[in-house]
Amino acid sequence: MALRWWWWWRRCGASSRRAPPLGSVPRPGPRAPPAPSAMCHFTQRSSALSFPKICNVFWRFHHTSTSHLCSCSKTVSDENYQDPFQLGRKDLKNLYEDIKKELLVSAAELKEMCDYYFDGKGKAFRPMIVVLMARACNIHHNNSKEVQASQRSVAIIAEMIHTASLVHDDVIDDANSRRGKRTLNQIWGERKAVLAGDFILSAASVALARIGNTTIVSVLTQVIEDLVRGEFLQLGSKENENERFAHYLEKTFKKTASLIANSCKAVSILGCPDPKVHEIAYQYGKNVGIAFQLIDDVLDFTSCADRLGKPTAADLKLGLATGPVLFACRQFPEMNAMIMRRFSRPGDVERAWKYVLQSDGVQQTTYLAQRYCHAATREIRKLRPSPEREALVHLTEMVLMRDK
Amino acid sequence: MWGALLRSGVRGTGGLRSMSSGGPPWSQVVSEAEKIVGYPTSFMSLRCLLSDELSNIAMQVRKLVGTKHPLLDTARGFVYDSRNNLQMRGLVILLISKAAGPSTAELSFQHNMVSGIYSSQRSLAEITELIHTAFLVHRGIVNVGELKSCDGPLKDMQFGNKMAVLSGDFLLANACTSLAQLQNTKVVELISSAIGDLVQGIYYENSKSSEENCLTDDIGISRWKEQVFLSHSALLAKSCQAAMELAKHSTEIQDMAFQYGKHMSMSHKLHSDLQPFVKESSSDTMAFSLNSAPAILHQEFLGREAWIKQIREAQGKGNIMDYKQLQEAIKAGKGVTSAIDLCRCHGNRALAALEHFPPSEARDALANIVCAVTRFP
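Going line by line, the protein sequences match chains A and B.
In this text, residue positions in the first sequence follow the numbering used here: the first is 428, and each later residue adds one.
In this text, residue positions in the second sequence follow the numbering used here: the first is 28, and each later residue adds one.
This is chain A alone, in the form it adopts within the complex:
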């Protein structure tokens, strides 16, 4: 989908300021669509169509062309609305404690390292999706309101796999802080950090095996493979601009969306025998996951601009050309050379940063994220209505509205 949109956007002519719809799409529901301050920042470039007008035009276009399922979205969403995190709270109450129980290590220091990120301070976004999906599928299948133990295990395993990959990513990127505290490699050195990551992964595998279901093992093992391949994709780069975008999306899928997609699929398999449901769960997870990463890439530009008044531009500094950069490059071909050399020359990061801010790269990426969220919503609405189903819809909106 995103590739088709990419081509359409190119044909419209990146240099034309009118053609690409700018800004965010108002969401259904009583809450007024807030114009994120970061968005307004970029519409200062003059445009024949004003920002609100474009929004309207686009919204009408989009709203009528989406599938019939969306039309009933407004009222259902209001009635059954509950904070997703409230809904899943009971199941996730002891999530981190249970994870720590899986990490059976005799060496005290190694245990401390493995437990380090399971301090309960994270938002547990991924486990939340998994648990909500489990409930939505269970309800869809036989109105069961309970989460099975095996489904809860999947949530735990997903979080462990995710954390293990973060630990290794921090070593690879030589990062020194994460989630407001120092990274493992910063405190204990790279050698031990890599071992801790390996241990968490092995413990996740043991937990996975204990579920006793070979299909689930295959589904979640795919994630481990995708995570590594995603890292490799990040190493390489493509010469051709069009290939670059496809490459970026593939990397985004492998590094971020695969985990969410496959864990959703896993709990749906455990909860319901219908393969159509498995596909719905998978597609929801995949679309939400990609949207999540796209917004993450946007925040790398916007959150700093807002809060600190100067860029941190972590991705640029790592030599990575993410969504906003790739879009900006269409308007500023000078960026091509910088992308190819991975922003390695002095001044590259700053220049690229400026180009992105001058372009509508951020808007385009955000818009793309919205499209993915809508796709996720369309999928999940195919399930039987439930508070959990609506919570998953609401989650897609939360993904878009994150500011950190």
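By construction, these hints were calculated from the structure, which means they are not laboratory data.
One side only, chain A facing chain B, incomplete, derived with CB under 10 Å:
no.	residue
1	N612
2	N640
3	L647
Here are the simulated lysine-lysine pairs, DSS-like style, with alpha carbons at most 25 Å apart:
no.	chain 1	residue 1	chain 2	residue 2
4	A	K665	B	K182
5	B	K213	A	K528
6	A	K744	B	K90
7	B	K252	A	K538
Just so it is clear, CB atoms sit at the ideal spot from N, CA and C, and this is done for glycine as well.
With chain A's structure known, arrange chain B on it following the hints.
For chain B alone, kept in the frame of chain A given last:
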């Protein structure tokens, strides 16, 4: 490690029982074993070297030439030095699979059998080698914070670390995928727990500040054995057990396979640790680890304080270790002989486990391996 066995060039007549009279030379043990299992196993795990990802890495690793990153040595070892790269674990797993024979469980056990080994067992052998290799690579990561200027530019080391993490992860991911394809969750659990054991074992290996302080760890031989089990035996022992599970052999056979793997690899580690102490050559004293079995045992017999005194005496004023002097000190004590005894003891237990398997060429080959690792000049 295995290369040291080749260098020791053992000879003698074979036999399941006789350890002291020796067996065929190591190289012969290996080549006969390879015939028994059907093909040379030298590059089993490196088939995935043909993948795009790893050839990408290989190109990048070239940039490390001229730096001091350990990954370069590991990589060199794979490509140039097949002698030191004997994939023994895989071979042992294949042999024990063959020695256990076909499944006695359901008659409907339809899996493919080639040269008396199921394809799932072959896959498992490869998985074990993948895991072992992954950790060889992950061991070669440096702590950036401890680098000195003589280690070269920081960015080279960071780059080497990046390559090491990625390639190790790639091998592990491949292992996990292949494990999943075996469609047996018990095996997945066993091997995953073996990975956890291996991590802990390597952690203990690394933790030694002994290299800086030049001291033996303050542990006794039983703690040492626990740690060595984790770092050197667990993977092979559990893989042998898993191979039995794949063919649905009884829990008794599974346990015996485990015992063989465990004791044989313990013997092997002890044998390897003893090499500096049992060689005849007087010209070149090999440096040895202060945490090797003879040193640990010597410390236990002598008492820690007395041992530390001996170490300091051997270090002399210049803080340079006189390994010859230290070696003599250990040889003068009971460390070496008790290490040899321990080695033979584990060897016997490995052979005892083999008794539970029916006689066969494969079983003989496994016995010959034990003989080779328990033989001393």
